Structure formats: structure tokens, C-alpha cells
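J.: Sequence:
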Amino acid sequence: MALPSTIFKVLLSISDIDRGYYADHGLTLARHPSETDERMMMRLVAFIFHADEQLSFTRGLCVDQEPDLWLKDLTGEISLWIEVGLPDERRIRKACSKAKQVVVYAYGGRAVDQWWLKNESDFARHNNLWVLALDPETCSALAGQARRSMEFVCTLQDGSAWLHGADTELCLSPKQLKSPC
Numbered sequence: 000m001a002l003p004s005t006i007f008k009v010l011l012s013i014s015d016i017d018r019g020y021y022a023d024h025g026l027t028l029a030r031h032p033s034e035t036d037e038r039m040m041m042r043l044v045a046f047i048f049h050a051d052e053q054l055s056f057t058r059g060l061c062v063d064q065e066p067d068l069w070l071k072d073l074t075g076e077i078s079l080w081i082e083v084g085l086p087d088e089r090r091i092r093k094a095c096s097k098a099k100q101v102v103v104y105a106y107g108g109r110a111v112d113q114w115w116l117k118n119e120s121d122f123a124r125h126n127n128l129w130v131l132a133l134d135p136e137t138c139s140a141l142a143g144q145a146r147r148s149m150e151f152v153c154t155l156q157d158g159s160a161w162l163h164g165a166d167t168e169l170c171l172s173p174k175q176l177k178s179p180c
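Counting in numbering that gives the first Met the number 0, the sequence shown runs without a single skipped number right up to 180 at its last residue.
Simulated from the structure, these hints should not be mistaken for lab results.
Hints are not guaranteed to be accurate.
Pairs of lysine to any residue residues, derived as SDA-like cross-links and limited to a Cα-Cα distance of at most 25 Å, are as follows [unchecked claim]:
#  : residue 1 : residue 2
1  : Lys-117   : Ile-91
2  : Lys-99    : Arg-58
3  : Lys-71    : Gln-144
4  : Lys-177   : Gln-144
5  : Lys-97    : Glu-65
6  : Lys-177   : Leu-70
7  : Lys-99    : Leu-85
8  : Lys-117   : Gly-107
9  : Lys-99    : Lys-174
10 : Lys-8     : Lys-99
11 : Lys-99    : Gly-84
12 : Lys-99    : Gly-19
13 : Lys-71    : Thr-57
14 : Lys-71    : Lys-93
Every value quoted in this text rests on a predicted model; they were computed, and no experiment measured them.
Work out the full structure: start from the sequences and follow the hints.
T.: So, in C-alpha cells, the structure goes:
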């Protein structure tokens, strides 16, 4: 018998000064039994940087044909496809053909550098791909904040996010490895 997902509830207040987006979100994150707190929190980071009323978490690890998050327009077309981790080039190629914009949030310390060296030239040909990476210390600090019930206030400006929680203040500044052409 398969283990069930663990449910996490997040109250998130976002002030995105760059986009002029100000909203409160009540989110439910289902953490797959094989998923780490670090990966789950990276999915939350991806939501923070692209917050929108239509942005949604998918079934993720359970379904190969879906990203971790996506944003669909009113016609059902995928406007934004977000991957978390170190996906292989074939998955990214397929995502770039299905979505208007694809964003990868890479994490994993030195593994990110090796993954990037292996895939950089292949990723260069995708004109709708962003690749961002968070440093291992920030990822570790984020994982330490994982609770079944979380509340964060987040301010975004100039490509960085300041995350304030009950017992933390973190600055999230993803390093841009690739931007669209």
C-alpha cells in the first residue's frame, strides 16, 4: 500500500513591487512521501516569484506529463511551466514546446553546477527558458521552516524576495543562469 501525501497549509501575503501584484494566498501543498522538505519549500519559492491567482500546483512527482506548477490562460494553453530541481534536457525540451515560458528553479549545491555544465549548451537553444538557482544555505534555511501550518509575508523587489515568518527572515536571491533570448 502506498503512503499518502502529507498536507501542508500556507498563508502567504505577497507584495510584489516589481509587478504591482499584492495578494493574500491560502495554499495547500501536498508533499509526496518521496519528496523532501527542501523540494517542497522550493515549490513554494517558485510560487512566490510567479504568484498569480491562476498559478497552481500540479500533481508533480505523481505525473510525468505535468510540471511542479503551471499557469494556464483562459483557453487552456500553458502560459508558464515551472520545474523545481535538476530536470533532464528532454523534459525541458518538451516543456519549451508546450508552454510560452518555462522556468527552472535549480537547487542541490554542487550538483547544480554539474547539471548546468552538462546541459548549458542544450538549454541555450530554447528561447523561452529561464534557469535560476538558489544557494545551498538558503535552501537549507527554507527546509528548516517547513511546518504543517505556515504563515509568511513576502516582499519582492529587484529580483529578490524577503520572506518573513514566525521565526525567520530570509532573503531569496536566485542566481540567473539563463534568461530567454
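J.: Take the hints in turn and mark each one as holding or not.
T.: Here is how each hint holds up against the structure:
1. Under the criterion of a C-alpha separation no larger than 25 Å, the hint pairing Lys-117 with Ile-91 is consistent with the structure, at around 14 Å.
2. A hinted pair counts as satisfied when its Cα atoms are at most 25 Å apart, and Lys-99 with Arg-58 qualifies at roughly 20 Å.
3. Pair hint Lys-71 plus Gln-144 does not hold up; C-alpha atoms about 30 Å apart against a cutoff of 25 Å.
4. Note on Lys-177 and Gln-144: the hinted pairing is violated, with a Cα-Cα distance of about 28 Å set against a maximum of 25 Å.
5. With a C-alpha separation of about 11 Å, the suggested pair Lys-97 and Glu-65 falls inside the 25 Å cut-off, and the hint holds.
6. At roughly 21 Å between alpha-carbon atoms, Lys-177 and Leu-70 fall within 25 Å of each other, so this suggested pair holds.
7. Annotation: proposed proximity of Lys-99 to Leu-85 holds, straight-line Cα distance about 20 Å (limit 25 Å).
8. At most 25 Å may separate the alpha-carbon atoms for a hinted pair to count; Lys-117 and Gly-107 meet this at roughly 15 Å.
9. Proximity of Lys-99 to Lys-174 is assessed by CA-CA distance (about 22 Å); at most 25 Å being required, the pair is judged to hold.
10. At most 25 Å may separate the alpha-carbon atoms for a hinted pair to count; Lys-8 and Lys-99 exceed this at roughly 30 Å.
11. For the hint linking Lys-99 to Gly-84, the alpha-carbon distance of about 20 Å falls within 25 Å, and the restraint holds.
12. For the suggested pair Lys-99 and Gly-19, the alpha carbons sit about 22 Å apart, so the restraint of at most 25 Å is met.
13. With a C-alpha separation of about 12 Å, the suggested pairing of Lys-71 with Thr-57 holds against the 25 Å cut-off.
14. Between Lys-71 and Lys-93 the alpha-carbon distance is near 16 Å, which keeps this suggested pair within the 25 Å criterion.
Of the numbered hints given earlier, the model fails hints 3, 4 and 10; all others are met.
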